[in-house]
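*Asks:* So you can see what is in the structure, the chains are spelled out below.
Number of protein chains: 2
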Amino acid sequence: MELCHKTVKSRTAYSKHFPHKCQLPLGHSGKCLEFPFLVSLSKTHPRIAAKIVRDATMTTGAAWKSSQAGPNRMPRYVAILDDDILLEKFNLDMQSLPEITRLKIREKAADYDSCIDVARKLTWLAYQLHGAPIPDSFTKNYLEEFFGPMVAGSTNCEICKLPLTIDLFSENRVGKAAVETAHKTPRLHNAENVGFAHRFCNVAQGNKSLDEFYLWMEEVLTRVKML
Amino acid sequence: MELCHKTVKSRTAYSKHFPHKCQLPLGHSGKCLEFPFLVSLSKTHPRIAAKIVRDATMTTGAAWKSSQAGPNRMPRYVAILDDDILLEKFNLDMQSLPEITRLKIREKAADYDSCIDVARKLTWLAYQLHGAPIPDSFTKNYLEEFFGPMVAGSTNCEICKLPLTIDLFSENRVGKAAVETAHKTPRLHNAENVGFAHRFCNVAQGNKSLDEFYLWMEEVLTRVKML
Ligand SMILES: [Zn+2]
Ligand SMILES: [Zn+2]
Ligand SMILES: [Zn+2]
Ligand SMILES: [Zn+2]
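Chains as they are written, first to last, in the numbering used here: chain A, 9 to 235; chain B, 9 to 235.
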């Protein structure tokens, strides 16, 4: 699908330096939109729609927030910029941050188009959760054009492969959502590599890739059985 | 082994209400000691000895420290006391804390004797790490009396069953030790139930018991292979 890609107005502190692009089909009628595929979901499930935008486009800062200086959250497509541009345009002096903070920011970095594509993929997956609303025909056609036919109730936890229900998205444990956006290979932020997962599965996977994690399980079980 | 159990002087804020007990054999010569089995290790590996005392006797507060009021660390044998005693003797008003904080404190609770026994068990395990010092004969005999013969290099990660080396105890990742004290069944703080584990293994196990965790792995691998 060819997209409009005209610049969309945005009020964020970063938008001056980042043209947000219209993701509607080329030659569309009506006004340009950055997240046309989320318009419908944001009416029925505003928190899930907001989570998709946040997970797709923003770094998470919690891990370094408490102990060391450094920005808490920023767009992933800002986190990808060179040190001198971050200093000049955003007044963020990466050199002054502890190395661990710099690494944490950098490992969340992704380009703008990948972030938008991740948001599209997560929306496609969200509509295939158990209990998800049926998408309207614009949204269905748009998302299927990118990722293929949607099958109701077919979205599993990326890690443990159990079906995920839309209700899980409103469950919290100690302020953490029960479902997180997971990466099959850590730090690779693109549509192919992302999915939803139980928080505890995502925590368990840790820094391993999904393949490494399954291999680790096999090895552990082998050793346990030898005892 | 019958123990002396005379009250040992201690300077902590809690010791007024908690008789710390001498753990030397009954009828011992010399002065009374609460951790006689750690005297030798605290000379060669003071940080490991301190970690054993800390993990065996103290709650960890990190999880609730940042977001919500409540004490950061306290002895596990204080955390086990009734609300009214905590208020009267330690000026800690549990009722005023959020429920999540109260639960976090209570799930670390253990009685004094169990804490001491956990410290003994961890010391016994520490001497069986790859690269551990050979215990002097007092320490060896004392610990083997409780937990049986020690075998050099036989302490494995409680979870993944790989051998642990003493060097791992000085490795850090983002300020967290690479080795943690793990509980086969979460929240059961006694000698039988504790061991050392890689931090990432302990994080992966999460709230599951070790048996539940292995079963979960089996089920996940089965589902992955069916795909
Ligand atoms: Zn447009
Ligand atoms: Zn899962
Ligand atoms: Zn004594
Ligand atoms: Zn391990």
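Among the clues, some could well be false.
No copy labels: a pair is met if it fits in one copy or bridges any two.
Derived EDC-like pairs: lysine to aspartate or glutamate, alpha-carbon spacing no greater than 20 Å straight-line [said to hold, decoys possible]:
#, residue 1, residue 2
1, 169, 220
2, 216, 119
3, 216, 226
4, 169, 101
5, 233, 107
6, 39, 92
7, 148, 115
None of these hints come from the bench; they were simulated from the model.
*Asks:* Give a verdict on every hint.
*Replies:* Against the structure, the hints come out as follows:
1. Within a single copy, residue 169 and residue 220 get their C-alpha atoms as close as 16 Å, and across copies as close as 17 Å, so both meet the 20 Å cut-off.
2. Taking the shortest Cα distances, residue 216 and residue 119 never come within 20 Å of each other, neither inside one copy (23 Å) nor across copies (37 Å).
3. Both within a single protomer and between protomers do residue 216 and residue 226 lie at most 20 Å apart by alpha-carbon distance, with minima of 14 Å and 18 Å respectively.
4. In this assembly of identical chains, the alpha carbons of residue 169 and residue 101 never lie at most 20 Å apart, being 42 Å within a copy and 44 Å across copies at closest.
5. In the homo-oligomer, the alpha carbons of residue 233 and residue 107 never lie at most 20 Å apart, since the shortest distance is 41 Å inside one protomer and 40 Å across protomers.
6. In this assembly of identical chains, the alpha carbons of residue 39 and residue 92 never lie at most 20 Å apart, being 36 Å within a copy and 64 Å across copies at closest.
7. For the identical chains of this complex, residue 148 and residue 115 are neighbours neither inside a copy (32 Å) nor across copies (47 Å), given an alpha-carbon limit of 20 Å.
Hint compliance for this structure: hints 2, 4, 5, 6 and 7 are broken, all remaining hints hold.
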